[in-house]
Amino acid sequence: MSLNIVVVGHVDHGKSTVLGRLLYDTRSLPLGAVEKVKKIAHDTGKPFEYAYLLDAFEEEQQQGITIDTTQIQFATRKRDYIIIDAPGHKEFLKNMISGAANAQAALLVVDAKEGVQEQSKRHGYMLSLLGIRAVYVLINKMDLVGYDQHTFNDVAHDMKEFLASLGVSPLAYIPVSGLEGDNIAQLSPHTPWYKGESLLAALDLLPEGREATEKPLRLPIQDVYKFDARRIIAGRLEAGTIEPGDEIAIYPAGRTTVVTALPHWRENDKKTQAIAGESTGIQVRDEFFNKRGEIITKKGEKPPLVTRSLRASLFWLGKEPLLFHRKYKLKLATAEVEAELGAIVKIIDAAELKKQENRTEIRQNDVAEVVLKLKEEIACDLFTECPATGRFVLVDGYDVAGGGIVLAAEREDDKLREKTMKYIMEHLPYNGELTVIVEEGKVARLERVEKEVFSGLDGAGI
Amino acid sequence: MEHLDKLEADSIYILREAYKKLGKLGMLWSIGKDSTVLLWLTQKAFYGHSPFPFIHVDTKRKIPAMIAYRDKIAQEWGLELIVHTNQKAIDEGMGPEKGRLACCKALKTDALKEVVHAYGFDGLIVGVRRDEEGSRSKERVFSERQADDAWDYANQPPELWNQFKTDFPKGHHIRVHPLLAWNEIDIWEYIRRENIPIIDLYFAKNGKRYRSLGCACCTGQIDSTADTLDKIIEELKHTKTGERAGRKQDQEDSYAMQKLRKEGYM
Chain A
22 MSLNIVVVGH
32 VDHGKSTVLG
42 RLLYDTRSLP
52 LGAVEKVKKI
62 AHDTGKPFEY
72 AYLLDAFEEE
82 QQQGITIDTT
92 QIQFATRKRD
102 YIIIDAPGHK
112 EFLKNMISGA
122 ANAQAALLVV
132 DAKEGVQEQS
142 KRHGYMLSLL
152 GIRAVYVLIN
162 KMDLVGYDQH
172 TFNDVAHDMK
182 EFLASLGVSP
192 LAYIPVSGLE
202 GDNIAQLSPH
212 TPWYKGESLL
222 AALDLLPEGR
232 EATEKPLRLP
242 IQDVYKFDAR
252 RIIAGRLEAG
262 TIEPGDEIAI
272 YPAGRTTVVT
282 ALPHWRENDK
292 KTQAIAGEST
302 GIQVRDEFFN
312 KRGEIITKKG
322 EKPPLVTRSL
332 RASLFWLGKE
342 PLLFHRKYKL
352 KLATAEVEAE
362 LGAIVKIIDA
372 AELKKQENRT
382 EIRQNDVAEV
392 VLKLKEEIAC
402 DLFTECPATG
412 RFVLVDGYDV
422 AGGGIVLAAE
432 REDDKLREKT
442 MKYIMEHLPY
452 NGELTVIVEE
462 GKVARLERVE
472 KEVFSGLDGA
482 GI
Chain B
939 MEHLDKLEAD
949 SIYILREAYK
959 KLGKLGMLWS
969 IGKDSTVLLW
979 LTQKAFYGHS
989 PFPFIHVDTK
999 RKIPAMIAYR
1009 DKIAQEWGLE
1019 LIVHTNQKAI
1029 DEGMGPEKGR
1039 LACCKALKTD
1049 ALKEVVHAYG
1059 FDGLIVGVRR
1069 DEEGSRSKER
1079 VFSERQADDA
1089 WDYANQPPEL
1099 WNQFKTDFPK
1109 GHHIRVHPLL
1119 AWNEIDIWEY
1129 IRRENIPIID
1139 LYFAKNGKRY
1149 RSLGCACCTG
1159 QIDSTADTLD
1169 KIIEELKHTK
1179 TGERAGRKQD
1189 QEDSYAMQKL
1199 RKEGYM
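Residue numbers (my numbering), protein chains in the order written: chain A, 22 to 483; chain B, 939 to 1204.
Hints were generated in silico from the structure; no laboratory data involved. For clarity, every value in this text was computed on a predicted model and none was experimentally measured. Take the hints with a grain of salt, since some may be wrong.
When the alpha-carbon atoms are kept at most 30 Å apart in a straight line, the in silico DSBU-like pairs for lysine-lysine are as follows [claimed, not checked]:
#, chain 1, residue 1, chain 2, residue 2
1, A, 340, B, 1108
2, B, 1169, A, 99
3, A, 134, A, 181
4, B, 1200, B, 1186
5, B, 958, A, 396
6, A, 60, B, 1197
Based on the sequences and whatever the hints tell you, model everything.
Pasting the structure below:
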């Protein structure tokens, strides 16, 4: 299995250069790539740029920025990697997320001279939101600060403080120069004070992810085929294993049946068991109606959550803001359901980690905690328990405009609490701390507000 | 999971998504190794069935052995095959001597557009890979083409967590790229593992072989003694030249492929 690593950080802090250098020094560039870039440099009269090895678009090379994410394969003696170069410009955050969403580990690049900037923080926040915990911080352009240890320590300290507030603690801070190649493929004589590993050696120290095979079965139904006499329920196992004879429960309805066979095309494809990651198909004993989006689980194992209301952390990428009273399509694994914003719990400025007060819309590049109301029940999991069935995207019109992770399935009283809170925010002048106490399915009291306010609410028919 | 198993599983997932979500679907089959692997993966995904037609854009300048191989496989596998040629351009004298990029555009891009619109395809499955070439390395798995088939490459929508672009206006279509994550060696190792029948132009004869297939006029051979799958894989592990180095249209301009692909080239 290969490990996917995304390279993130502020614009111009040298992500593509570090990466181009790493690939160049380890001779792992795609065949012919170096020759092509040398030819372009020659034709345009510009110096050879390591970044051009990744920034293939003409516009990217002319403007010296990365517009879209690139994936490139790379191997050490230990294992294979897929390295994902992500753009640092704020305008291209959607492309950065497309890259980072596929990664298990990250390199966060910070310019030694400029220090921690807005996108360094925003990207750090996105990594924490996407659940990427294995992070190296590369303090780049050390050549421009004379390989000064104090500068390195200062920048590392700033980043460390910010990341700690997100609960992210990087595995290491590495002083590098992408341009000069210091501490990239091997340790540099310019930084004798640095006692850690080179970037290349550090990559091989990254821990492997936990095998999804050992978790409870999650097989989201992708499609049901009837090409011949066989009725085949097709899908990819996101966790666990499945084999003939297994008793299964299919959610949201929770109906149970038994797996009778794992069908195959040729004799060579015959299998006795399918495991996490495999695209498979099953035949079952009781042929009731099955629908794309349902999740097959094993009887006796932990069932998924079934809900019409999700509490989620969400990032918004759409040019149009995320608004109340507007319908969106939520896609979670293979499920698709109409969704509406039920409540904004909080909006966070990802660069400053400040709460934004009194907003009724979520704007482009915002990160927020929200409650989403769904038109129908779906089966899902907490992101922390099963990432593949605990994350979703929101489609606005034709485009994916946001994504998020499931923090909780709301209970009835949670919904009532959100509804009451929303009513107060919209109808009553109130600036301050407020807690809605819900007991036995009813609003019991509002703490720190007068009884009169609450009585008025009661009459409003909440 | 083993590397090839993972690639196979993800490609099958993508094919099944395309089949479920994209209305009228077709697969481009260039007779080359990549799209022949796609053909094989289709059989696996749909349990020995091919639930959509295969399209070959014939420039009438292909290496003759390719056409013979195409017709043989199509018959053996019972494929529904659509062959299309931009005959008008050929009648008007289009050829590489008019400029290679102009020729590619007329005989490949324009011919492809004609097929898409004549049959009303909502989705076209194409066997391009990220490691082939720079503009392909920036592609999405589900990549939208506008009504005029243009690729808005500087403004691609986010694609995350296997949630692909399946909503688009009528008249647009989606290029589906199930092999984006594969590299050249993966393709050959998979062909070896699965024992996939492959056209023999890839195997060396008299010290030369094709590494990438295209039109006879614009596709060169490489010096090679690799006449078996094992030898091809071994050769690729040590070569320093690009896979498409023998494709003359790529050498016309530093951004030749970006320019061609922006207009709808595969």
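Hint check results:
no., hint, verdict
1, A:340 to B:1108, "holds, 22 Å"
2, B:1169 to A:99, "holds, 24 Å"
3, A:134 to A:181, "holds, 17 Å"
4, B:1200 to B:1186, "holds, 19 Å"
5, B:958 to A:396, "holds, 22 Å"
6, A:60 to B:1197, "holds, 18 Å"
When the structure is compared with the earlier hints, no violation turns up for any of them.
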